[in-house]
Amino acid sequence: MTHFLNIETFDQWRTEARLLLAQEVEPFDINFLSSRDQPLLFADDRQEASPANTTHNVPKLFLDLARNVACHRKANRWELLYRTLWRLTHGERSLLQITTDDDIHELLQMQKAVKRDVHKMKAFVRFRKVESVDESENYIAWHRPDHHIVRLAAPFFARRFNGMNWTILTPDESVAWDQHELQYGAGVPASEAPDGDVLEELWKTYYASIFNPARVKVAMMKREMPVRHWPTLPEAELIEGLLQQAPKRVNEMIEQNEGFDRTATHYMPQQSDLDSLREAAKCCHACDLHQFATQMVFGEGAKDARIVLVGEQPGDREDIEGRPFVGPAGKLLDNALARAGVNRNEVYITNVVKHFKFTERGKRRLHKKPNSREIFACRPWLEAELAAIQPEAIICLGATPAQALLGRDFRISKSRGQVLATDWCKRTVATWHPAAILRMPDVSRREQMEQQLVGDLRLSVA
Amino acid sequence: MVADRMDVREKLAILADAAKYDASCASSGSKGTRAGSKIGSTEGMGICHSYTPDGRCVSLLKILLTNYCIYDCQYCVNRISSDTPRARFTIDEVVSLTMEFYKRNYVEGLFLSSGIIQTSDYTMEQLIAVAKKLRIDHHYGGYIHLKTIPNASQGLIDEAGGWADRLSVNIELPTDADLHQLAPEKKKPQIVKAMSGIREKIDETKQEQAAGFKPPRFAPAGQSTQMIVGATPTPDLDVLKTASELYIGQRLRRVYYSAYSPIPHADARLPGQSPPLIREHRLYQADWLMRFYGFSADEIVAEKDHNLSLEIDPKLAWAIANRHFFPVDINRASREELLRIPGIGVRNVKRILSLRKHNNLRSEDLRKLRVAWNRAKVFVLTADHNPSLADLDKLDLAKRVKPKSQQRMLFDAASSAASGEV
Numbered sequence: 001m002t003h004f005l006n007i008e009t010f011d012q013w014r015t016e017a018r019l020l021l022a023q024e025v026e027p028f029d030i031n032f033l034s035s036r037d038q039p040l041l042f043a044d045d046r047q048e049a050s051p052a053n054t055t056h057n058v059p060k061l062f063l064d065l066a067r068n069v070a071c072h073r074k075a076n077r078w079e080l081l082y083r084t085l086w087r088l089t090h091g092e093r094s095l096l097q098i099t100t101d102d103d104i105h106e107l108l109q110m111q112k113a114v115k116r117d118v119h120k121m122k123a124f125v126r127f128r129k130v131e132s133v134d135e136s137e138n139y140i141a142w143h144r145p146d147h148h149i150v151r152l153a154a155p156f157f158a159r160r161f162n163g164m165n166w167t168i169l170t171p172d173e174s175v176a177w178d179q180h181e182l183q184y185g186a187g188v189p190a191s192e193a194p195d196g197d198v199l200e201e202l203w204k205t206y207y208a209s210i211f212n213p214a215r216v217k218v219a220m221m222k223r224e225m226p227v228r229h230w231p232t233l234p235e236a237e238l239i240e241g242l243l244q245q246a247p248k249r250v251n252e253m254i255e256q257n258e259g260f261d262r263t264a265t266h267y268m269p270q271q272s273d274l275d276s277l278r279e280a281a282k283c284c285h286a287c288d289l290h291q292f293a294t295q296m297v298f299g300e301g302a303k304d305a306r307i308v309l310v311g312e313q314p315g316d317r318e319d320i321e322g323r324p325f326v327g328p329a330g331k332l333l334d335n336a337l338a339r340a341g342v343n344r345n346e347v348y349i350t351n352v353v354k355h356f357k358f359t360e361r362g363k364r365r366l367h368k369k370p371n372s373r374e375i376f377a378c379r380p381w382l383e384a385e386l387a388a389i390q391p392e393a394i395i396c397l398g399a400t401p402a403q404a405l406l407g408r409d410f411r412i413s414k415s416r417g418q419v420l421a422t423d424w425c426k427r428t429v430a431t432w433h434p435a436a437i438l439r440m441p442d443v444s445r446r447e448q449m450e451q452q453l454v455g456d457l458r459l460s461v462a
Numbered sequence: 001m002v003a004d005r006m007d008v009r010e011k012l013a014i015l016a017d018a019a020k021y022d023a024s025c026a027s028s029g030s031k032g033t034r035a036g037s038k039i040g041s042t043e044g045m046g047i048c049h050s051y052t053p054d055g056r057c058v059s060l061l062k063i064l065l066t067n068y069c070i071y072d073c074q075y076c077v078n079r080i081s082s083d084t085p086r087a088r089f090t091i092d093e094v095v096s097l098t099m100e101f102y103k104r105n106y107v108e109g110l111f112l113s114s115g116i117i118q119t120s121d122y123t124m125e126q127l128i129a130v131a132k133k134l135r136i137d138h139h140y141g142g143y144i145h146l147k148t149i150p151n152a153s154q155g156l157i158d159e160a161g162g163w164a165d166r167l168s169v170n171i172e173l174p175t176d177a178d179l180h181q182l183a184p185e186k187k188k189p190q191i192v193k194a195m196s197g198i199r200e201k202i203d204e205t206k207q208e209q210a211a212g213f214k215p216p217r218f219a220p221a222g223q224s225t226q227m228i229v230g231a232t233p234t235p236d237l238d239v240l241k242t243a244s245e246l247y248i249g250q251r252l253r254r255v256y257y258s259a260y261s262p263i264p265h266a267d268a269r270l271p272g273q274s275p276p277l278i279r280e281h282r283l284y285q286a287d288w289l290m291r292f293y294g295f296s297a298d299e300i301v302a303e304k305d306h307n308l309s310l311e312i313d314p315k316l317a318w319a320i321a322n323r324h325f326f327p328v329d330i331n332r333a334s335r336e337e338l339l340r341i342p343g344i345g346v347r348n349v350k351r352i353l354s355l356r357k358h359n360n361l362r363s364e365d366l367r368k369l370r371v372a373w374n375r376a377k378v379f380v381l382t383a384d385h386n387p388s389l390a391d392l393d394k395l396d397l398a399k400r401v402k403p404k405s406q407q408r409m410l411f412d413a414a415s416s417a418a419s420g421e422v
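Residue numbers (our numbering), protein chains in the order written: chain R, 1 to 462; chain U, 1 to 422.
If you are wondering where the hints come from, they were derived from the structure by calculation, not from laboratory data.
Heads up, some of the hints might be wrong.
[Claimed, not checked] Looking from chain U toward chain R, a few residues come up when the C-beta cut is under 8 Å (computed):
no., residue
1, LEU12
2, HIS49
3, ASP72
4, SER81
5, ASN105
6, ASN151
7, GLU185
8, PRO276
9, ILE278
10, HIS358
11, LYS368
Everything numeric in this text was worked out from a predicted model, so none of it was measured.
Every residue, glycine too, gets a C-beta built ideally from N, C-alpha and C.
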């Protein structure tokens, strides 16, 4: 005798399946129908069963599987589940482990589709903010899942968006959260969903900006973000335009690579000895300073110097004479070197930036601090000089060389006079720039700084 | 343009654009949602909320707090000597963007990085302030990934880990020499020191938990790093060795490989070309082999030039170089042996082990499991299939088992780059 059953939900199926199993009704004797799928042609002629005395122990794994598969849209899900239940309870206890069995394989495929659909719902629901009469904020989304998964996914949204009122509408069913409980209702067509949200422009801006045109992989995108979800994703309308512009944008990126803001590396000679470097540096156009300075002022001193002194940049006098530290600051430095017992002929003196930077005030050219780009453009010369000399000690005069060699975090006020290791030598010390001492108005402070400069110079010879 | 007058949309365009070169966007690995959260949760696997046409997922609001930077790393568009447009978010702007995006289910959380302004510690404090405000003022329980600023003090890193789910320190380039060449201000020892600082704190937290205490959370999703490949000539073997060191020594959750991408205003020292995406993909495959398949870096890279083959995937390449190991009997081999068969992934090895308790597996069963049979068939024995040993010895084996056309390979690359499955 064939039983006709109209099943809608997992709970219904479970109740019916229990009864049928208790009566030992075999799978091929049942015809499962679903009003969603087809009209009910035959009345249910099944007799009310007496409460089942026998309980069947089915693996928990099966209940989880069945709960998922019940949400699948495929019409044969109920009979497939019942047949599996029958086999589990009729001698095939470990059937679920045989994942290559045809029935199990099909159930697992269905479960996978449902789980994927739930996952996509979690990902692709887009809430839109709607203000209601009482000025409370409500968030509403319309989404079209493939399967009947609203009840599977809703608890996740309740946990995640616990502190706000939200509603998710789908064609089959809707669900609302009022910060206390989930309420399910009828399905709603897309036309009843709110359209637009003030944040969508910002979101699209983000989406367009985070895309790297140099790495286009469209197949991958479509695989993970199926095109049928695109209508409810505000950002999807940008995709075509982004793809069209991509090749042009990449070409621009690559073209800009050439020649833009070169560093001194570009002008490096084949030979890296000091004489070749000095010659090559004369032609350096890595920054704009060469246009205004009289000449390039390269480092000078002993080629095998044990100590290298590094200043910031040449000043007015240095620019004219073409030699470092020959102005007033140079005099002060000479004096300090003498007091420290260092012979200027035995050291090498240079600057981080090799061209004088200034502003004109009347007839005078006033020193202007080089900016970071100029410093970094010029820095390879300094590195090459240090590599050629390989000194035992480096003395950074002032913040500019100290930050160039010891890192941008370096503060003279905090770490002056400390012996630190760098890539270029084990004894790198930063101290005052002689010009800073000259500019110090407070006489006693000036004397103290000069004393410290001498002390730091001594430290590096020690 | 004066930064102060910029509106949030303009800043977002600049500061998201500046963040797009960082490969990481994962939002998984946190254990449970923070207690007392009102908006936001961290549970299960991360969710990708969108995909851009580059095939990469958008799961986090990935932005920079500012792209002003005092460093001069040549591969970075935000380096001090670059002419890129600059912007800086306020702390409140980032907090508000995160909350508003999150409430609309656009994102799974925040990935906040920053150019270095003033000092490392100052910058780190700003990042922490954002995370703290989200957690305390907004009862936000979603994912937060903070990029740790190099040289920031340990005290600040400890604090950051209290608010964030994941911390990361970018290793940037595979070797010391590469760093020296392209990022003169970053030093590998400093980077590794920062990583081990995080690792020690994670270990400490775990030990306390094991002892039955309830220590405050510290980076429950662990730490990760990013390595740029293709900006220097360093071969894959060195890249993988560095990664391997980091997995073992620093117990990193992930190493992200990012094919060097051309950047606007790039220094002339860098390669001016599109990124070698297939190489990046091979590195991910190799990385997977190290983490889940029991391979070591030396085994995987067998080529003379120390690079992975671009033609065939590293597992297949290993199999072809080690034919004496095959055929492997599906019904008898150990887990470790099964893991070495090309075309069979970790999940299928697990299924095979459980299935064969009940049945003797046949080739049809393997096909039902969606084993890549064309690749696997030469290397396996099943109840009904015994490949002729002569096949294994043929010289053109590589040609015969590799995917049919170039087109197909690119497609595989795309899908497998996301899943990481080999």
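Hints, verified against the model:
1. At about 5 Å, the closest approach between the beta carbon of LEU12 of chain U and any beta carbon in chain R falls short of 8 Å, and the interface hint on this residue holds.
2. Of the supplied interface hints, the one on HIS49 of chain U holds, with its beta-carbon coming within about 5 Å of a beta-carbon of chain R, less than 8 Å.
3. Nearest Cβ of chain R to the Cβ of ASP72 of chain U: about 5 Å, under the 8 Å cut. The hint holds.
4. The restraint placing SER81 of chain U at the interface with chain R holds, with a minimum CB-CB distance near 4 Å, inside the 8 Å limit.
5. At a threshold of 8 Å, the smallest CB-CB gap from ASN105 of chain U to chain R is about 5 Å, leaving the interface hint in force.
6. The closest approach between the C-beta of ASN151 of chain U and any C-beta of chain R is roughly 6 Å, which is under the 8 Å cut-off, so the hint is satisfied.
7. Taken as an interface hint, GLU185 of chain U checks out: its beta carbon lies about 6 Å from the nearest beta carbon of chain R, inside 8 Å.
8. Checking PRO276 of chain U against chain R: minimum C-beta separation of about 11 Å lies over 8 Å; hint violated.
9. The criterion of a C-beta within 8 Å of any C-beta in chain R is not met by ILE278 of chain U, whose closest approach is roughly 11 Å, and the hint is violated.
10. A distance limit of 8 Å between C-beta atoms decides the matter here; for HIS358 of chain U the minimum to chain R is near 6 Å, and the interface restraint holds.
11. The closest approach between the C-beta of LYS368 of chain U and any C-beta of chain R is roughly 5 Å, which is under the 8 Å cut-off, so the hint is satisfied.
In this structure, the hints that do not hold are numbers 8, 9, in rising order.
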